[in-house]
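**Student:** So the chains spell out like this:
Protein chains: 2
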Amino acid sequence: MIKQYTYNEIHIDDIFSRMEEKNEIADVVAEIIATVRKKGDKALREYSLRFDGADLEKMEVSAEEIQEAYEAVAKEFIFILEEAAEHIRGYHEKQKRTDLMYMPRDGVILGQKITPLDKVGLYVPGGTANYPSTVLMNGIPAKIAGVKEVFMVTPAKGGKINPEVLAAAKIAGVDRIFKIGGAQAIAALAYGTETIPRVDKIVGPGNAFVAEAKKQVFGKVSIDMIAGPSEILVIADGQSDAAVVAADLLSQAEHDTMASAVLVTDSKALAEAVSACLEEQIPLLPRKEIARKSIDINGKIILAESIQEAIEIANQIAPEHLELCVDHPFEYLGDIRHAGSIFLGRYAPEALGDYFSGTNHTLPTGGSARFASPLSVDDFIKKSSFTHYTKDALAKEADKINAFAQREGLAAHGKSAMIRFEREAKK
Amino acid sequence: MIKQYTYNEIHIDDIFSRMEEKNEIADVVAEIIATVRKKGDKALREYSLRFDGADLEKMEVSAEEIQEAYEAVAKEFIFILEEAAEHIRGYHEKQKRTDLMYMPRDGVILGQKITPLDKVGLYVPGGTANYPSTVLMNGIPAKIAGVKEVFMVTPAKGGKINPEVLAAAKIAGVDRIFKIGGAQAIAALAYGTETIPRVDKIVGPGNAFVAEAKKQVFGKVSIDMIAGPSEILVIADGQSDAAVVAADLLSQAEHDTMASAVLVTDSKALAEAVSACLEEQIPLLPRKEIARKSIDINGKIILAESIQEAIEIANQIAPEHLELCVDHPFEYLGDIRHAGSIFLGRYAPEALGDYFSGTNHTLPTGGSARFASPLSVDDFIKKSSFTHYTKDALAKEADKINAFAQREGLAAHGKSAMIRFEREAKK
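Heads up: the protein sequence lines correspond to chains H and B, in order. Our numbering puts the first sequence at residues 1 to 427. Our numbering puts the second sequence at residues 1 to 427.
Some hints could be false.
No copy labels: a pair is met if it fits in one copy or bridges any two.
Said to hold, decoys possible - Using 30 angstroms as the maximum straight-line C-alpha spacing, the simulated DSSO-like pairs for lysine-lysine come out as follows:
no. : residue 1 : residue 2
1   : K113      : K143
2   : K75       : K215
3   : K58       : K75
4   : K113      : K96
5   : K113      : K215
6   : K391      : K300
7   : K58       : K300
8   : K293      : K268
Because the hints were derived from the structure by calculation, they are not lab data. None of these values were measured; they are calculated from a predicted model.
Looking at chain H on its own, in the form it has when it is part of the complex (with noise of 0.2 angstroms):
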């Protein structure tokens, strides 16, 4: 049964399940990550068949196989998967942005470039479940932001990946895909191997394994955040269905056992049915044993005086996830501070921005949206500044930069805007 709180008795810190601190594994993957630095491609293969059952004669997935994954999936779900790309692409395209130059003074031109990153490498899941969304949301806003080459990295079973996960880096414009997952596809990404080249960034989700990989070549290499448990926060008044709000909660529940949904709302009516409805609706999941562990451990719902309060609530916990399930949402949206993706209105279910309204699915968790935001085009660009001066510009200005590097100690500096003036002088 869900647990009921009062905004006075909750401990903001607590309300979401929090990353376990897996130290235990920290040299288990610091060895793998030596060992792939050491022997290269001969690691990896070793590594291959000893965690994923495969015997890797070529790593890479060739293009004959990439086509027969294609064709081998049902047409609809192509349809689907295209859709959902298009929306995708549609959103990231909006985020693009420009070079910025202006002129702030005479002879002086300042600006920023935006470069894409040269190489990126994707890492996806393997295992039991496949996830298809998750080549879209990471493939497609590296490519719209002009990354050449993308290099997707997952573990295959025996030998094999799951066509949609192929369908889907087909449809993403992923370049080329490597048949290697676990720590050791991390350590092949941020160093390279004779096979796997090195790239600049590695992003994607993986098992506490690749977490920790991620964590230790992070500085060699750039990273997205480390994702923990999935979160929702449904904040839902009194005129708001309850059946809908607990299909809501356990949308996110279903995930996993640390998965955390939680209900705010002013109705104390709302919060006795929903907490009722999800009595009802846990045992026909298929997922059963996994929400009902979720909602068990870490399912709360918290009473607010107003829907005002429970917006102040959210944004102190600021959640992956928030849905705002009232009437007129838009009054709100200025007043939410803190949330990775934001769900408006009682027609907008968490679930479109996990695989079709266009958003992308990967957010901060466990209150790091408090200063973290969702994976976007941004990731994918760095940016260099510029500065260009004439002659007469730089002599207005060369005094001033010499009087403030010699009160820092930095006279060399300074003398590297004096000595173009002294040597004319002597001509």
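Position chain B relative to chain H; hints supplied.
**Tutor:** Below, chain B alone, put in the same frame as chain H:
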């Protein structure tokens, strides 16, 4: 004497000195963080007494102390600080982004909301040198982003903070200043104490202990980059004045013995002349021992076949600072892919960007310009996506979302879309 190489002889990964791994201090820093979390202010007072010789009754700098410091600084330097701040403000204002909202299909609204971080901590090193420029470069972009509370921490040797640093904080608009430094200051900002508020992001440079502490609290809060030793790569043609090029190289070499200064030129004559000028100029510098060591260890001249090849070399190295000392530098700007900050033409010494032109001086080092960017207003905001669907719009897509969710084995995701219509059908 500076060493010379050709393109074939250089090993890109060894161009710049990398930060050493300082694993031996990790344990010390972890203990400091744990102590601050446990004992709060009491720990901060003990560490300040031990490390800074500061017996702090009050940790916060008072408004009177700030005003006194501002008045104690020479008026000419205040004017220089204020002009620099105006230039920095102007450039960073241009980086501000707007919210995004668009309507891709009937009844569908998607968007991206930009929200400033609530609280930011700015670390300013103390010790022998004082860097008011660091205060401006970190504080101003935070305030332009709209961060309401910018807190500065800096060690106060004997209880005192340098007046120029305090004056710069006043000019930058820093909200509160605390007299604490070292790993203990980072711990206090990440976890909060009775006096120090917990922040969402920590920025600013520091010694090895501060850098290690930032790494250890990363995830709990956001951090900026961990900066390595300073680097400059100068591309100069045969028309360049060798004395000017040498002065520019030395402006980075004087930073510290691990700093790197590299010239890439297509002129053997310039290479020889710059080499000679370095020998002439080094003995005249106040920081000659540091510059000498930096040039001897990390200084390099690389001979390229052409300016175009020089740019290719620079792209592979991805330097923190890149100078392009040629006549028509904008002709090459489009070909530069990887550099933190680019200085174009014969009158744009890198020192412009350290103090005065307006661009930021916090830049990616160690080759990380391949994937990282200068500090900017973007570092002090985060994005939330938002989605609104009408009933009709959801009706058109619910089946497809359900099909997608079923394929991924997440039935409750599909159900959350379908239930809205099943319920109404029943009524």
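**Student:** Determine for every hint whether it applies to the structure shown.
**Tutor:** Here is what the structure says about each hint:
Taking CA atoms no more than 30 angstroms apart as the test, K113 paired with K143 passes in both settings, with 18 angstroms inside one copy and 23 angstroms between copies. Taking identical chains as interchangeable, the C-alpha atoms of K75 and K215 are never at most 30 angstroms apart, the minima being 39 angstroms within one chain and 48 angstroms between chains. Taking CA atoms no more than 30 angstroms apart as the test, K58 paired with K75 passes inside one copy only; the shortest distance there is 29 angstroms, against 71 angstroms between copies. Proximity of K113 to K96 under the C-alpha cut-off of 30 angstroms is found in both arrangements, the shortest distances being 13 angstroms within a copy and 15 angstroms between copies.
For the homomeric pair K113 and K215, the shortest alpha-carbon distances inside one copy (29 angstroms) and between copies (28 angstroms) are both at most 30 angstroms. Proximity of K391 to K300 under the C-alpha cut-off of 30 angstroms is restricted to the inter-copy arrangement: shortest distance 28 angstroms between copies versus 66 angstroms within a copy. Proximity of K58 to K300 under the C-alpha cut-off of 30 angstroms is found in neither arrangement, the shortest distances being 49 angstroms within a copy and 41 angstroms between copies. Proximity of K293 to K268 under the C-alpha cut-off of 30 angstroms is restricted to the intra-copy arrangement: shortest distance 24 angstroms within a copy versus 72 angstroms between copies.
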